[in-house]
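S.K.: Okay, here's what each chain looks like letter by letter:
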Amino acid sequence: MALLEAINPLLSAGWQKGGHEWRLENDTGWRLKDYEARGGYQSLKKILAGKMSPDDVINEVKKSVLRGRGGAGFPTGLKWSFMPKAAPEKYIVCNTDEGEPGTFKDRDIQRFDPHAIIEGMIIAAYAVGAGRGYNYIHGEIYELYQRFEQALDEARAAGYLGQNILGAGFDFELFAHHGWGAYICGEESALLESIEGKKGQPRFKPPFPANVGLYGKPTTINNTESFASIPFIFRIGGESFLDLGKPNNGGTKLYSVSGHVNRPGNFEVPMGTPFARLLEMAGGMRGGRKLKAVIPGGSSAPVLPADVMMDCTMDYDSIAKAGSMLGSGAVIVMDETTCMVKALERLSYFYYEESCGQCTPCREGTGWMYKVIHRIEHGEGRPEDLALLDRLTINIMGRTICALGDAASMPVQSFVKHFRNEFEYHIENKKCLVPPDVQRAGSSFFTRNMGQA
Amino acid sequence: MLSEATLGKIDREVAKYPAAQKQSAVMAALAFAQDELGWLSKDAIAAVAGYLDMPAIAAYEVASFYNMYDLAPVGKYKLTVCTNLPCALSGGVHAAEYLKNKLGIDFNETTADGRFTLKEGECMGACGDAPVMLVNNKRMHCFMTPDEIDKLLGECK
Ligand SMILES: Cc1cc2nc3c(=O)[nH]c(=O)nc-3n(C[C@H](O)[C@H](O)[C@H](O)COP(=O)(O)O)c2cc1C
Ligand code: SF4
Ligand code: FES
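Here the protein sequences line up with chains Z and D, keeping their order. Numbering-wise, the numbering used here puts 162 at position 162 of the first sequence, and it's gapless, one number per residue. Numbering-wise, the numbering used here puts 58 at position 58 of the second sequence, and it's gapless, one number per residue.
Wrong hints could be hidden among the right ones.
[Said to hold, decoys possible] Below, a list of computed lysine-lysine pairs in the DSS-like style, where the Cα atoms sit at most 30 Å apart:
hint, chain 1, residue 1, chain 2, residue 2
1, Z, LYS85, D, LYS100
2, D, LYS78, Z, LYS199
3, D, LYS100, Z, LYS198
4, Z, LYS199, D, LYS119
5, D, LYS157, Z, LYS199
6, D, LYS42, Z, LYS198
7, D, LYS102, D, LYS42
8, Z, LYS205, D, LYS16
9, D, LYS157, Z, LYS198
10, D, LYS119, Z, LYS431
11, D, LYS76, Z, LYS33
12, D, LYS100, Z, LYS205
13, D, LYS100, Z, LYS430
14, Z, LYS198, D, LYS22
15, D, LYS138, Z, LYS85
16, D, LYS9, Z, LYS199
17, D, LYS119, Z, LYS371
18, D, LYS22, Z, LYS85
19, Z, LYS205, Z, LYS63
20, D, LYS138, Z, LYS198
21, Z, LYS45, Z, LYS246
22, Z, LYS199, D, LYS138
23, D, LYS100, Z, LYS33
24, Z, LYS33, D, LYS9
25, Z, LYS199, D, LYS22
26, D, LYS22, Z, LYS431
27, D, LYS16, Z, LYS217
28, D, LYS151, Z, LYS199
[To be verified] These stretches of chain D come out as covered by chain Z in the derived footprint (C-beta under 8 Å, 3 or more residues):
hint, region
29, 1 to 8
30, 105 to 114
[Stated by the list, open to error] Now the stretches of chain Z that chain D is said to cover, found in silico as 3 or more residues with beta-carbon under 8 Å:
hint, region
31, 53 to 60
32, 220 to 234
33, 343 to 352
34, 413 to 425
Think of the hints as simulated: they come from the structure by calculation, not from any bench. Glycine included, C-beta positions come from ideal geometry on N, C-alpha and C.
Excised from the complex, chain Z in its bound form (with noise of 0.2 Å):
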């Protein structure tokens, strides 16, 4: 399976040869002799040697159709050209905030192979003529933040950091920012806000970064994937990394199975991959138990009954047409032990608690939004309240600054939409479908050898 090594080998591997244990006694391919040792900044290398003008990078990126990573599935070799040429100073930034509920790709890649998010940041620099960078890292994975700090180290001292790169009168600098445990720094210019030493609070769009970024100054900012599959790109080749995937959906992509599966995890697969392959590389169900739902792309995904989902192949187009997003990549597999109320009401929650505060719709809302599915899941759900919910989410979504609004509106309206059964009987009998020792069992809490399966 070639195809799994992609971005880095040590990523899927883990599945193959025995869960999280082979993956942690294996974590030892990090530091940059390793990279080398496997072909990492020869993409660098092969770019600055053969005075690839930052035009023809940026070309070569669009042909591999790299669709970022992050969320909104933008192009990133596109994203890259709406970067003011003449701008004397302009940054690159990269996006680890990973936050979104089953989402855990970023934290893999920082651990297994932080030098190639180094690599493709400098890239991404040469490309754009940013003269410097900042990684911003998620407040929960400090360890990792730590790691980034010694790669970024490593990689100064080896001169693909700092003035006049490889000899090739280039110079970027790049260091490491850390978060410190708030979801909405996710969104890119809460994240900009936040580097600047702000609360997170998402600015008003347009001016886009690429114009108004950090400091003011015109700014690309990616996800941490996508950075990481630039120079895998310049190894084969942008159209070699497009034919991976399929037209319109370049490239592999990780995806970060979690939930109700054996083995959950980060797999490597091409674009394209049918989901029940996906499911059946997490393990497949755990208990053998019945799929009954799954949020495709992240938390913000509207969820997808069983039998929807298993028609549908892992990308973009296919997961979009059965009225769900790729989002980030992040899989949850849910079982038939799963009460859909209790779950949307723990996603509402979130939202609640992340909003920003700064849009009277989005603040007011997710409360109200948790309110009212927090009293159906307590057995106090009232007649009207599914078309109370259905009112709020039309009441926010699109009248926000950011997308947290819509990401927060999406669930509700997907759950109640595809579950309604379940919320009417909640309502009605004032307690749930799905018997409480069942639920219970689900979570394996008590009964599982973690990590083993």
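Following the hints, complete the assembly by docking chain D with the ligands onto the known chain Z.
M.R.: Just chain D with the ligands now, with coordinates in the frame of chain Z:
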């Protein structure tokens, strides 16, 4: 109020940003201050702000916005358990329940001996390793079965 060692660490952070952008180091500086002092009092926040030449209120806004700053004293070990949906499907909520029973406290409470504070956390980007918990913001523990939790509590002296 802040030790030389802490100020030295702050200086290293300041050096990461353009000269006119000292304020960018405020998040790191507050974290170092919390490491040293255990929690962030108004005075501690003002000291950080003073050192970075920014208004105290601006530093306070940052300290109160991000979840991992403690604006009130916490136990020697702050345990944050992720209970968000992906973790809950694999035992996150049950692990938190187990901890509550063991420690005899609820979320946002501290044990009488001042050893443990329990917090409910949001997604830590580690959902495949559920149940997941964080000790004092920095050390992540994964696959926390009842046995593993017992072991961890035993190690927190
Ligand atoms: C509420 C919210 C949270 C987000 N969280 C993340 C995140 O954790 N990581 C990420 O890369 N992008 C996140 N995004 C998307 C970013 O705003 C941005 O689109 C992305 O970093 C761009 O990188 P890409 O083009 O490489 O995908 C989030 C967006 C919103 C609205
Ligand atoms: S939509 Fe919500 S999170 Fe986004 S800016 Fe408005 S209040 Fe803040
Ligand atoms: S939901 Fe718990 S770490 Fe992501």
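S.K.: For which of the previously enumerated hints does the structure constitute a violation, in increasing order of number?
M.R.: 1, 3, 5, 7, 9, 11, 12, 15, 23, 26, 28, 29, 30, 31, 32 and 34
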